[in-house]
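*Asks:* Based on these hints, arrange chains E, Y, Z and P on the given structure of chain G.
Chains as they are written, first to last, in full-length UniProt numbering: chain G, 1 to 538; chain E, 1 to 99; chain Y, 1 to 506; chain Z, 1 to 122; chain P, 1 to 457.
Since the hints were made in silico from the structure, they are not lab data. This structure is a prediction, so every number in the text was calculated from the model and none was measured. Beta carbons are placed, not taken as given, at the ideal position from N, Cα and C, and that holds for glycine.
Computed list of lysine-lysine pairs in DSS-like fashion (alpha-carbon distance at most 27 Å, straight line):
1. K488/G <-> K166/Y
2. K85/P <-> K33/Z
3. K301/Y <-> K371/Y
4. K24/Y <-> K488/G
5. K433/Y <-> K371/Y
6. K75/P <-> K33/Z
7. K135/G <-> K60/Z
8. K71/P <-> K85/P
9. K194/Y <-> K204/Y
10. K71/P <-> K33/Z
11. K81/P <-> K71/P
12. K33/Z <-> K81/P
13. K340/P <-> K60/Z
14. K433/Y <-> K457/Y
Residues from chain Y that keep clear of chain G, each with C-beta distances beyond 10 Å, as calculated:
15. T7
16. V34
17. D442
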Amino acid sequence: MISTVFSASVLAAPPLEVSAPTIEYGLLAPLFIIMGAACVSVLVEALVPRESRRGAQIGITVIGLLAALGSTLSSWSGARYQLVAEQAIALDAPSYATWTLLIVFSLGIVALFEERSGGTETAFVASASTVPGSKLEREAVAAHLQHTEVYPLMMFSVLGMMIFASSNELIVMFVALEIFSLPLYLLCAMARRRRLLSQEAAVKYFLLGALSSAIFLYGTALLYGASGSFSLGAIDAAVSAQPGSSKIVLAGMVMVSVGLLFKVGAVPFHNWVPDVYMGAPSPVTAFMSVATKIAGVVGLTRVLYVGLGGLRWDWQVMLAVVAVATIVVGSLVGLVETEMKRLLAYSSISHAGFILVAVTGAFTVQSGMAKGSFGSWSSVMVYLTGYALATIGMFVIIAMIRRAGGESTELASWAGLGRSHPWLGALVTLFMLSFAGIPLTAGFIGKLMVFTAGWRGGFAWLSLIGILFSLVAAYFYLRVIWVMFFRKPGHAAEDVAVAPLSIGGWIVLIVCALGTLVLGIVPQPLIEMFDNASTFLR
Amino acid sequence: MNPNDYLILSAILFAIGILGFLFRRNAIVAFMSVELMLNAVNLTMVTFSHVHGSLDGQIGAFFVMIVAAAEVVVGLAIIVTIFRSRRTTSVDDVNLMKY
Amino acid sequence: MSFPILTVLALLPVVAGVVVLLMKGRAARLTGMVVSLAVLALGIVAFVAAARGTDLTETHNWIPAIGAWYALGSDPLSMTMVLLTVALVPVVLGAEWHVGERTAGSGGLPTSVFFGLALILEGLALYCFVSVDVLLFYLFFEATLIPMYFLISGWGGPRRRQAAVKFLIYSLAGGLVMLFAVIGVGVHSGASGKSSFLLADLAKVSFDGSIGRYLFIGFFVAFAIKAPMVPVHTWLPDTAEQATPGASTLLVGILDKIGTFGMLRLCLGLFPQASAWATPVVLVLAVISILWGAAMAATSKDLMRLVSYTSVSHFGFMVLGIFAVTTSSITGSIFYMFNHGFSTAALFLVLGFLVHRRGTADINAFGGAQKTAPVLAGLFLVAGLATLGLPGMSSFVSEFLSLAGAWGRHPVYVAVATIGMVLAAVYVLRAYKRTMTGPVTDQVAEHVGKDATGREKLVLAPLIIVLLVFGFFPKPMLHVIEPAARATMSQVGATDPAPVVKEGVK
Amino acid sequence: MNAYVGLISMLIIATLFVCVMIGVNLIFSPNRKNLSKHQSYECGIEPTPQPVGGGRFPVKYYIVAMLFIVFDIEIVFLYPWAVSFNRFAALGVFAVVEMALFIAAVFVSYIYVYRRRGLDWD
Amino acid sequence: MSPLESALFGTDPWWITVIKVVVLFVILLMWTLFNVWFERRVLGRMQNRLGPIMNTAFIRGMGQAIGDGIKLIFKEVVTPKGADKIVFYLAPVISGIACFTSWAVIPLGGEVSMFGHQTRLQITDVPVAALFILSIAGIGIYGIVLAGWSSASTYSLLGSLRSSAQMISYEVAMGLSLAAVFMFSGSMATSDIVAAQAHPLVFGGFNSHIPGHYWLLLLPSFVIYVITMFGESNRTPFDMSECEQELVSGYSTEYSGFPYGMYYLAEYINMATLSAVCTTLFLGGYGAPWPFNLIGFLDSGWFGLVWFFLKTQLVIFFFVWVRASIPRITYETLMGLGWKVLIPVSLVWVLLLAFWRTAGAQGWLASPVFVGAVVVIVLGLIAFIMFGGSQEEPPEPEPVVFDAFAGGYPVPPMPGQTLPDSYDIVHSETAEAAPAGAAAGPPGEDAGPTATPKGAN
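Okay, chain G solo, but in the shape it has when bound (with noise of 0.2 Å):
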């Protein structure tokens, strides 16, 4: 028999101590169904004929998603938590919350990504490939091309949000951090228009997300050399079996600090927000300052209160200060920005400011939290949620506002929309009060809850200008409102037409005001929900 000839054939070896380890397939069924789904769509890309491909993928998208949440809830409500996958990964109520959140909003985004706005075109690039201006651009607009391998690369960004919110080890954390930066990265490069623009600020992105993921890295070989694992649990102990802190942990601790913070956009990494928001194609912006930023927050809390909770007393104190300047300097510079997708992301900035007071605050079960309030986490959670919704809302709101050329972003072009389309003007005015913070809507809660759990922290002057900032950022949001109703259409709004939206954006647009309204409103089983899951296992 030739199997005999083979193993004849083989040199005698020592068998390895390697047992096969152990990976809970079911547990982790969510990130296969993702991770299926985003390969069966570039195999879609590669073998089925161009013309249905979109519809395929769309299907695919949907459907991946939708499965991914079924078994999300399911195994949630099961409360199967535990730690999988050799401990590297850790599926417990904050994973199902936040993966619940990720996959809900990405479904919104899909519609925003399939958004054509009455028009026959995406967001998204001819040919990404062509120069702009090109004769190659120009055949492949006229030949109707468009890339839809966004929804692969959208899947495969979700993949690795939810795998970075949900790792128990930095190793897995950085290629986590890395799977979902990098198909954002390239996202960023396809706006259909202004593509100069959008190449820009996937340079810019790459090259600043790449030496924070760097910076990162460090970070974690510090906190590997200071602890003999990557592991969260084995750094925590080796932390707190330690009287002091020691140099090198505290710098690992900065340097790991540094990545996560640049993802969610904190002041000092803040510098690619505006530019990459306002670059990156709508829909791409939107998925970013969503997705990206619960992601962000979501590894921030995990690494700081699983894994660095023994050094509470010195990073408290380091993202206290980001918090303070990322509030400071979001609300400020978005005062004189003009630029709808600028001022959204000073906004997405000064939001990252105030979900850090809660972050900072640490107010967990760990230090005191009783059953039935809640803590940093889940208010941090129910920020995320009403912040989330409103983004969405606003940004389908923008990829109405059309004129030729594209979308008509600059402020000064709203002029007068209230007016004439009073039910937009609502929207928008419903959307500004919760960015601003406004009672009623879900922001007011997210800013009464993180301000509160800033404050049950030990941390009230750091809620305190928390709160007066808010100020300032309401005004800016507020001034949106005044330009749609009452600020005379000049020069700039001229042929600025509002555009027919399809029926998937309809139905996100619909959600995310009724959401804000709704959450606003009775936030209770919302609360309940996060406060239900903010344990982390350990």
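*Replies:* Then chains E, Y, Z and P, alone, in the frame of chain G:
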């Protein structure tokens, strides 16, 4: 072997990477600086792996390598694209948004 | 469970307001008016029921995690304010029946929008007055800003938008400072996170020491901005100058009362110690408000600004009465809050009619209007007299009560404050003289040729009647209000000073 | 003695040899400059713009380089697995399934590139 | 023990190492001279001619090669104008160093006694020797790329790019083909691999005494390796990088004097290196072939050298043979072969091998279900290869919509051209991109201004 030497070397490499990133205006050079930083991290990890007598650090280095490669692919794609449309890779020339 | 009358009372106008916003033209107006009258009826029913001792309280769990309750209460203080609110809104709607057409030239929005917003504002304000949960109160306190912002910026003078923004920024600033205090209350009401915002629960928590003071300051600043006190009053004159009279009436007559209401409810009620600590400063500010408002009113060249400055002065009286903390001073203040709503409404509206005719609010542009529009002039005079607190008008009763009550504790402040009363006579009468008496100028003859229309009379009549009735028979109202004052006194833990005045009681 | 001494001595000798030979060549070589000798070769006409400092080449080569990186990284993971494959008795099917999945994942992108004519050289 | 200190090679005294290095170095140089002669002669014979007239020089012309080399030293070194001088001279140095260094880990023979010391006929061995060879090959590519880049010549640049693209493409396939070897040997150390091949084949319990050389066991891998060998060495039929008709002399166009000689030398040494690696990994290295392995002394000690050089020379002969018989193929065929055939085939082969061995270890080969499944999979794969071969047609370019503003000012349509739908004309504000066919303000109640083509006014 004295692990400190390796750690210091990797720290120096890392610092060179950061400085290169900050002070060189060419996107490709900046990007190569980042790659240098990643490799410095690899050295750190492998050194610590030796210190702790565990394989974790070496496996980590493997992952870093693969990520670095993926980053190269994506990053160079972006840089090449912008080079093709702008004919420059200087980060200072990439300034449409600074107004 | 009994009929949730308070919820219906507050929610009806909000819902109706939204409906009206969606409607157009005459139907919208009629609907708005009918609803406001229905709310008035409902409000009176609720007021009477509460006065008879029926418990209208509603308490439901709202956000247990935060400790917030959907809790509405019907104590006399609340109900007085409710009565004021429900009474003023129909009047304002009547007065602004044509606001859309009137201001269409300057980019005004349709009338239906005004009606809708006014109703929404009414509902939110009602919620504010009846809620007995700090967070709920805060929620509506902030929410009122939105309709008010649109009410100001939608109709009126050419710089109304800037005025509206100024209003909004001031109010938001106050609101956010208050948010800080609200969060603080929440944090400190529960040691390990199980907090409650219910007033009844908070009464059991003691906010002593510096934290109480900080929180007090937070609330007080918000309320001081709302009830415009010097030095944070500057938004009011600008706003009143630019806004349409109806909006000004709603703003000064109802919305600003939330400020004084909040001082009574939250500042005194929750932080007695801190209140005592802050009293000297507050009183000084109150007296300054009285004098500054009066002085500015006396020198004002714009009728609307004048009215707004009188309000600044009057709010000073109210604050003085509140922080004097005697039964009669507080009673006086509450009654003043009630009266001031009507008197200032009368003044705003009647001047609004005049100004609309003349086309400008400049005092010097008038002269001799008495002869061309005698009815309006008469109404102006009555409203003005009510404002300056002539005996026989209800304002007199309240002003007297609050000053008399405060005399027992702070004679010096009261003495100074009386100067404000004198000045009040000066500015009202001087304004009347400059505008109404004297030779009829050409412009006045041309523009103010038409006397009050039936609608205008119909609108102003109830206001004048209320002012006169309670001027001569204040007993029924005082009967209702006094328990409120006593309740506040017991909350604060203060007793009325002995009849024999002793210097430096405090 | 370290196993790498042999390697290093080989390296040194090779370096010495190469440098010495080129050095000798530079010393003994005649030096008869003329202009056209120093121009880069292009059939005798004025050369086209030069690659040093701004020259460009087809982007196709870039794609090859990227593909190379992808597959080289695959090899990075394949080798340790292959070397230890004999000793994976305890892993059984896991070892092979795991690598199959890995290769399949790479194959997905390979198929994409293939079908999108990324491997064609035209 | 640190893996850096190998038990086998840590024991040599330093002088033995030096001797081995120097001797090997000299052998390599001599052997290159021989190979130059060998190639010319063999080619001559195969083409039924004498070959270049150099019979007179020394031992049937072998001296000619030496003469050529020495002559180069006295030739003028021309540095092209505009070249990057440092890199220009660095490039041949890199190539030269790289071609020698790989030999440090190639085993030339087994254990012998040298001056009273037991030592192996191999300079050193490390656990990752095969990786070392691959990485040195990678460094060799730098020599070529830098040469092309620094020469400031279009031919050089294109030649170097071509050859480096080709080399890295074939390096992937080569690397993949080696994976199968490592799977069988369980080691990357070259000496272990040779030792593993000495194990005789056993057919169902019958010891055939035929050594299990991997060319036999891993035939597909061997074939792939041999093909990639040609790609790696830039030799016919894969010598696109220096095909005279297109690129003059490729990356070395601008080189003269000894730097040019360096490339010449490197090419021949590389050929020898690749043959040696082939010998080591697939042909049983210094082990004696069947039936000589049955005679003990022929398969031990210094006899290893004989077998090794014989086998290597055989592979070099194969190189020459191919050069004589197969014409150069086109570049796209070359790259297509590498990427579309060699890489997938070697990946699939490695996987199949792994499956096969796992199945054997698990005892599944007896199960007909499994065998059936395997057949299905194999058929499926074949089907895929057929199916995957069909490529997507390039998109049918739609008739270009007439753009009335193409030149910046409106022009009327020519006969046969039609004005597009109104919202297909869009004029971007940005000057750099003015594409047609983008959807902007769609028709609707609010889209008044955009709905009218601007050409109307």
